[in-house]
Amino acid sequence: MPDNTLTHYLCIGCPLGCRLEVESDDGDNVVEVRGWTCKKGDAYARQEHIDPRRMVTTTVRVNGGRWARVPVKTSDAVPKGQVEAICRALRSVTLAAPVRMGDVIVRDVFGTGADIVATRDMPAAG
Amino acid sequence: MITGKLSHLEQHYDVVVVGGGPAGMAAAVGARDAGAEKILIVDREKEAGGILWQCIHPGFGLHHFKEELTGPEYAQRYLASVMDKGVDVVTGAFVFDADRDRRIQLTSGQHGIRVIDSKALVLGMGARERTRGAIRIPGTRPAGVLTAGLAQKFVNMMGFLPGKRVVILGSGDIGLIMARRLTLEGVEVVGVFEIMPHANGLNRNIVQCLHDFDIPLHLSTTVAHIHGRDRVEKVTVAPVDAALRPIMEKSWDIDCDTLLLSIGLLPENELSRQLGISLDPVTSGPVVSSRMETSMPGVFACGNVVHIHDLVDFVSQESYLAGTNAGEFVTGKRRPADNVRLVPGENVRYCVPHTISTDREHTVYMRVRQPLEKCLIRLGDVYQKKLLYVFPAEMVNLTIRPRFLEQFHGDALRVDVVPRDT
Amino acid sequence: MLYDVVIVGGGVIGSAIARELMRYRLRAVLVEKECEVGFGTSKSNSGIIHAGHHSAPGTLKGDLEWTGNQMWDPLNADLDFGFKRIGELTVAMNEAQVHEIEALKRQGETRGVPGLEIWDRERTLKAEPNLTPDLLASLSAPTAGVINPYEACFSLVENACINGLELSVENPVLGITPEPDGTLTVKTRHGLYHTRFVINAAGVFADSVAAMVGLNDFRIYVRKGEEYLLDKRLEGFVQRLIFPCPDPVTRSKGILVIPTFDGTLMVGPTSHVVDDKDDLTTTSAGSDEVFDKVTQVVPGISSRDCIAEFAGLRAVADGEDFIIGPTAVKGFINVAGIQSPGLTAAPAIAAMVIDILRDEGLALAPNDHFIPTVPRRVRFGALPIEEKIRLADENPRYAHLICRCEHVSEQEILDAIHDGARTLDGVKFRTRAGMGRCQGGFCTWRIMELLAGELAIPISDVTKRGGGSWIIMQREEGEQQV
Ligand SMILES: Cc1cc2nc3c(=O)[nH]c(=O)nc-3n(C[C@H](O)[C@H](O)[C@H](O)COP(=O)(O)OP(=O)(O)OC[C@H]3O[C@@H](n4cnc5c(N)ncnc54)[C@H](O)[C@@H]3O)c2cc1C
Ligand SMILES: Cc1cc2nc3c(=O)[nH]c(=O)nc-3n(C[C@H](O)[C@H](O)[C@H](O)COP(=O)(O)OP(=O)(O)OC[C@H]3O[C@@H](n4cnc5c(N)ncnc54)[C@H](O)[C@@H]3O)c2cc1C
Ligand code: SF4
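Protein chains in written order, with the numbering used here: chain A, 1 to 126; chain C, 1001 to 1422; chain L, 2001 to 2482.
It should be emphasised that the hints constitute simulated quantities derived from the structure, not laboratory data.
For each residue, glycine too, the CB sits at the ideal point set by N, CA and C.
Be a bit skeptical, because a hint or two may be false.
Claimed, not checked - Subject to a maximum C-alpha distance of 20 Å in a straight line, what follows is the list of computed EDC-like cross-link-like pairs (lysine to aspartate or glutamate):
(1) C:1119 - C:1037
(2) C:1234 - L:2276
(3) C:1164 - A:84
(4) A:39 - C:1373
Claimed, not checked - Here are the computed distance ranges between Cβ atoms for each label pair:
(5) C:1421 - A:50: 35 to 43 Å
(6) C:1099 - L:2084: 23 to 31 Å
(7) A:7 - C:1387: 50 to 58 Å
For reference, chain A alone in the conformation it holds in the complex (with noise of 0.2 Å):
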C-alpha cells in the first residue's frame, strides 16, 4: 500500500454515531471507507471527503419590523468552505419591512448557484 491517507468522520446519519475511516490516494480519490454499520455511513463519508457541504442558517437586519433580524437560509447547501464568508457578507444586508417568507434576498449567493430567502415574514412592526 503506498501512502495512502487515513481521514476520520462522525457518521451523523443516526445517534449510534459510527466513527468512519476515510482511505483515499495520492489523488485525494477515496480507495475505501471502514467503519460504518449500514450504507448512510459509507456514502456520507464519501460526501464529507470530496465535498462537504452545509445548509447555511442565519439573519439579516431588517428596518421596520415587529423584530429586528427576519432570520434566513440557502435555499440549498452550500460548499462547507464558504459558510462564513457568506454569514460576513449577510451582516452588511439591511432590509426594509414588510417582508415574506420565501423573499429572495440574495440570488446566486458567491456564485454557489444558492439563493439567500427568509424563513417567515416580518410584517411592519405595530
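Following the hints, put chains C and L with the ligands in place on chain A, whose structure we already have.
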C-alpha cells in the same frame, strides 16, 4: 397573518388552548377536525408559534411536512393551517388562572383581564430553561450568565450579541446550535463543557456545530466557579468524579465574558398545579391518559408541558391527538376508558401516555436512562421488539397494537429496554 | 454651600438615618458608591426583624435589637414596604437544647420581650407539621417578623428625598479632610461636599472611611453568609421562621428556614470569616452545609428546589458589638460594625444617631412640612380579581404582564423606573420582576426594552447593576457587499 390581533374576544368557547406553540397549534387543528366549533388559542408572546421563531436552524418537519424546514418555516406553515381552520388566536395574553370548571383568566394589554369559559381545555404551555440556581454553580453573580435560549432570542430576533468570548455549559442541542450561531456572528466560543460522559445533543449538531468550527467539547467536565464582579471575567472548569463532583486539583481557568447555560428544559406547569391535576414527578408534567387527558376530566395536555420532546414533529403528532380528543369531549363522542397502566421498568425513565386502552392502537413515547446498542424493548411478556440502539437524548416511540394485548388480562404492563441477551 | 450632614453609605442604616434627619430643617446628602441604595449588605441578608431575645444582655446590639423591633410597625404604617410578624420557633432536639431554649426565654423576658413560650413536641408539630418528628420542644417568639430589606431601603430613601434629602449614587467617597474651622470636606468621585457632620455608615468599609480622617481605632472584618432561595412550590411549607438551637459556644444562630415576606422559602445563612470584602461568592461547601443542616430540622427541603442563591457580608468590629458615636474628629460620627441584627436595629440606631447629633451641637428645628408617607405602589399581582379588572380597564398597562413568575405588569415596571430604578437589578428589587423560578428567562429582554425606552438609552446600555455589568452588545455590521 402571524399575530392574532383579535378584535373581539368571546366569553364562551368550545375549546380553549393555552399556549400557541407547535403543541397548541396542532391541538387546535385536531379539535376543529373532530368537530369543535369555537376554538381559541391564547399565547403570551407577540405571535403564536412558540419557541420555533427563534430556532432559525433547519431540522424541523421531516415527519410532518416531509421536507426539512427551519423553525420559523414550520411555525408559519402550521399557523397558516390554524388560520385556515378559523381558529381564534389571541396573542400578548397571559393565562394566569384556570379552574376545574375549565374557566380561564387571562390578562392582556389589548383586552384587559378576561374570564373565559371552555367546554374543554388544552394545556400547551411548553417548557422553560433550567437556570443557574438549579445547579448552584459556585462563585459570584455577575452579568453575563444566561440561558442559551435567552441568548438565542437576543441574537436571532433582537439582533444583539451576548458577549465576545463565550463558554457553554451543557451539550444539549440548544447549546450546540448556539455555539455555531455565535461563531458565525463573529463571537469566539471557547468550548462546550458537559458534566456527563456522553454528549446530549445529536451527532449531526456535534459535527456541524462544533467540529466544523474546531470548537472543543469537554465531556465529564463542568464549570466549578464563576468569577467577576460586574461582568463575567473568567470561569473555572474541572473534570468530575464518578459522583459528578468537580475535581478541583485538576481544574483550570478560562478567560471569558459570557457563560451560556444549556442545562435542560423544565415543563411549565404553574397552571397545572393551580388546577390541582396530578403530575408525574419524573417528567414534571401532567399524568395523561391515551387521550392526552389529565386527571381532571375535560382538561388535556400536550407537547413540552407533558414531557420534553426533541423533535417538533412528534409534538405536533401528540398534540393533534390531544386536540381531537378535546374536540370529541365537546361533541359528546365517548371512547372506552383506558384499562392498562404502563409501568416504566428497567432502563425506562418514563412512558407517555401513562395509561392505554386495549381496544385501539397507541403510540407510546419513552425515554431511557442509559444508552444501549442492539437491545430489546419489552412490553410485559406480551410483545418485544428489537432496536438497533437507544439514547437518553433521543425519545423512543413504540406503537402498541390491540393484537399485542389479545392474550393480556392484567391491568399493568411493564416496559423494559434491555440488552438482547438477557 | 455648607451641608449640615453628609451620610456615607446608603444601606439600611444610612437610609434610616437619612429619613429621620429629614424630619428637621437640614441640608443633607446621602452618598452611595453603588448604583442603588441598599445594594451592599442590606439587600443580601435574611430579612428578619428579630424577636428581641437573641442577643446577650449588656450589649448595644441586644438593646437596639429589641427597641428596633418595636419600631417597625409604625415605620411600615408610614412607608408600606411590607412587614409581617410571622413569629419564630427555635427547635430543641435534645435535653441540653431544651435547657438552652429555656435560657433564651429568660434572656428575652428580662429584656421585656412578650409572648415567649416553650411548646412541647405535640404543639410544635401541630403548628408546623413539616418539622422533624425527632424534635423535643421549641421556643415560640411571636414578635419575630420578616420584611424585604431592599424595599425598606428604597422607601426610606424615597421618603427622605420627598422631604428634601439629596441622593448621589454611583459616587464613592474617596477622602475626607477635617478643616481648621471644624467643618469637613468630603471628596467624592463626582465632586466635593463641605459639611458640618459626616455619618460613617459605610458597612464593611466603615474602617476605611474612618481611616480617611485618620481614625484607626477599629477594624472591620467580614463574616460571609450564603443564602439559597427555593421554588414557590414550597410556599407555606413552614409558616414561621425556623431556628435551630443556637450553638452554645459560638452563639451563632445557625441555618434557618425563612418564609420571606413574599412567601418564597429561603434557607441559610452560613457564617464564615473571609478575607476579601468583595467576596460575594457562593460555594459548594456553603450549599452542602446549608442543605445538610436544614434537612435535620425540616426534612422535606431539598436542594433540587433551589432557584437562586446569594451571599452577604456581615461587618464585624473587634469586640463583636456595634460602634456608634462621636469620635476624636469633630463632626465625624461612626455607625460601624453593624452586623446582625443590624437590620432589626436600624430604626433604633437612626433615633440614637439623631440624639448624638443633637448632643454634638446640630440645631434640630422641626420640618413642619415633613411628609411621613410615600405614594402607595400598586402590587397588581396581589390584588383581588375585581380590583385587577377595574385597574386594567383604567390603564391597560396593568394588564400587560412583563414578569410571568411574579406577575409583574408593565405599569409596575414603569413606576419602578420613575421611582429611580436605572438597572435590571434596580427594577428587580423594586418589583420582584425576574426573581421567580425562571430567573429572568422570560422578562429580562422586556424589562431592558422598557428601561431603554424610559431612560432614552440604547438597549445595549442597560446594565444589570451599573458599572461594568453590561448585558448585551451591539453587533458589528460588516461593510462587505454581496
Ligand atoms: C433551542 C431549541 C432548538 C430546537 N431544535 C429542534 C430541531 O432542530 N428540530 C425539532 O424538531 N425540534 C427542535 N426543538 C424542539 C421543539 O421546538 C419543541 O419541542 C417544541 O417547540 C415544543 O412545542 P410546545 O408547543 O410544547 O412548546 P413551545 O414552543 O415552548 O410553546 C409554548 C407556548 O405557550 C405559551 N405559553 C406558556 N404559558 C402560557 C400562559 N400561561 N398563557 C399564555 N401562553 C402561554 C408560550 O409563550 C409559548 O408560545 C428545539 C427546541 C429548542 C428550545
Ligand atoms: C447573610 C446575612 C444575613 C443577615 N440577616 C439579618 C437578619 O435577618 N436580621 C437582621 O436584623 N440583620 C441581619 N443581617 C445584618 C444586616 O444585614 C446588616 O446589619 C445591615 O444590612 C447593615 O446595614 P448597613 O447599612 O450598615 O450596611 P450596608 O448595607 O452594607 O451599607 C453600607 C453602604 O455603604 C456603601 N459604601 C461603602 N463604602 C463607601 C464609600 N467609600 N463611599 C460611598 N458609599 C460607600 C456601600 O456600598 C453600602 O451600600 C444579616 C447579614 C448577613 C450578611
Ligand atoms: S453508519 Fe449507519 S448506523 Fe452508523 S451512524 Fe451512520 S447511519 Fe447510523
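Now the hints, each set against the structure:
1. Our distance criterion of 20 Å between C-alpha atoms is met by residue 1119 (chain C) and residue 1037 (chain C), whose separation comes to about 11 Å.
2. For a cut-off of 20 Å, the pair hint linking residue 1234 (chain C) to residue 2276 (chain L) stands: about 18 Å separates their Cα positions.
3. For the hint linking residue 1164 (chain C) to residue 84 (chain A), the alpha-carbon distance of about 17 Å falls within 20 Å, and the restraint holds.
4. Annotation: proposed proximity of residue 39 (chain A) to residue 1373 (chain C) holds, straight-line Cα distance about 18 Å (limit 20 Å).
5. Distance hint check: the CB atoms of residue 1421 (chain C) and residue 50 (chain A) are about 40 Å apart, consistent with the given range 35 to 43 Å.
6. Distance hint check: the CB atoms of residue 1099 (chain C) and residue 2084 (chain L) are about 28 Å apart, consistent with the given range 23 to 31 Å.
7. A C-beta distance of roughly 31 Å is found between residue 7 (chain A) and residue 1387 (chain C), which places it outside the suggested range of 50 to 58 Å.
The structure fails to meet hint 7 from the earlier list, while all remaining hints are met.
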